[in-house]
Amino acid sequence: MTKTQFDASGHIRGVNASGGSLIRATLGAAVAAGVILTVFWLPAEYGIDPTGLGRTMGLTKMGEIKQGLYAEAEAEKTKPVTDPQILNRLDAIEAQLAALVASGGVAVTENVAPAEASEWHDTWSFTLEPEDSIEAKLKMTEGQQATFEWTANGGLLNYDMHGDGGGEISYEQGRNQPGQSGVLTAAFDGNHGWYWRNRTDQDVTFTLHVRGDYERLLTP
Numbered sequence: 074m075t076k077t078q079f080d081a082s083g084h085i086r087g088v089n090a091s092g093g094s095l096i097r098a099t100l101g102a103a104v105a106a107g108v109i110l111t112v113f114w115l116p117a118e119y120g121i122d123p124t125g126l127g128r129t130m131g132l133t134k135m136g137e138i139k140q141g142l143y144a145e146a147e148a149e150k151t152k153p154v155t156d157p158q159i160l161n162r163l164d165a166i167e168a169q170l171a172a173l174v175a176s177g178g179v180a181v182t183e184n185v186a187p188a189e190a191s192e193w194h195d196t197w198s199f200t201l202e203p204e205d206s207i208e209a210k211l212k213m214t215e216g217q218q219a220t221f222e223w224t225a226n227g228g229l230l231n232y233d234m235h236g237d238g239g240g241e242i243s244y245e246q247g248r249n250q251p252g253q254s255g256v257l258t259a260a261f262d263g264n265h266g267w268y269w270r271n272r273t274d275q276d277v278t279f280t281l282h283v284r285g286d287y288e289r290l291l292t293p
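The opening residue of the sequence shown carries number 74 in the numbering used here; numbering runs sequentially from there.
Keep in mind that the hints were calculated from the coordinates and are not lab data. We put the beta carbon where it would ideally sit given N, CA and C, even for glycine. Just so you know, not all the hints are guaranteed correct.
Said to hold, decoys possible - Label pairs and their calculated CB-CB ranges:
hint : residue 1 : residue 2 : range
1    : T99       : E245      : 26 to 34 Å
2    : R97       : T196      : 39 to 47 Å
3    : T124      : D262      : 15 to 23 Å
4    : Q250      : L100      : 50 to 58 Å
5    : E288      : V108      : 26 to 34 Å
6    : T280      : A102      : 48 to 56 Å
7    : W197      : A105      : 40 to 48 Å
Can you make the complete structure from the sequences, with help from the hints?
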């Protein structure tokens, strides 16, 4: 309970607050700050969504895009490796990692022959202006496999193939690529697919083809 004091002119002179009132006010402010941090700030800034409300409001996707841009910016600071011996060693390491992942039953991609248009279940095209980005996902359950192919139709795109929903995983990344094809195996129940970014100075129209075991193709 607080008691307001007035001076002789009727002006408020001071407010006396009890210890209990101050504690309740402090706890209330802490709870409000925690809600803002968990529901709004973490999803929008880092793509971390403990409550699931961030994805419903579109904040988680914003955070994921931010993190993708930060990762690209850091990658571009790295000087490209041109030493043939180093490149050969990197190729050997990547091959070993791919073999380990495959033996452990974790999702990997592999090159597959392009399919005829009639064989694809879903086809989706989109035009990215310079510096624009977009993503598309397949709603899948653990262990389901989808064959895919996307082409930049003469252009080049950066991409990050990843999954979220029942966990977080990055399957494969590429920079300045004309396309990609393979088989995507879902590591867990959730949404699995691609994030593309156009880092060139020209519009790039890309086309995605998919078929196989998945519930549906999710596009903006």
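Going down the list of hints, with the structure as the test:
1. T99 / E245: 26 to 34 Å: Violated - the Cβ-Cβ distance for T99 and E245, about 48 Å, lies outside 26 to 34 Å.
2. R97 / T196: 39 to 47 Å: violated (59 Å)
3. T124 / D262: 15 to 23 Å: Roughly 18 Å apart at Cβ, these two residues keep to the hinted range, so it holds.
4. Q250 / L100: 50 to 58 Å: holds (52 Å)
5. E288 / V108: 26 to 34 Å: At 32 Å between Cβs, range holds.
6. T280 / A102: 48 to 56 Å: The hinted range 48 to 56 Å holds for T280 and A102, with Cβ atoms some 52 Å apart.
7. W197 / A105: 40 to 48 Å: holds (42 Å)
Hint check: violations occur at hints 1, 2; the rest are consistent with the structure.
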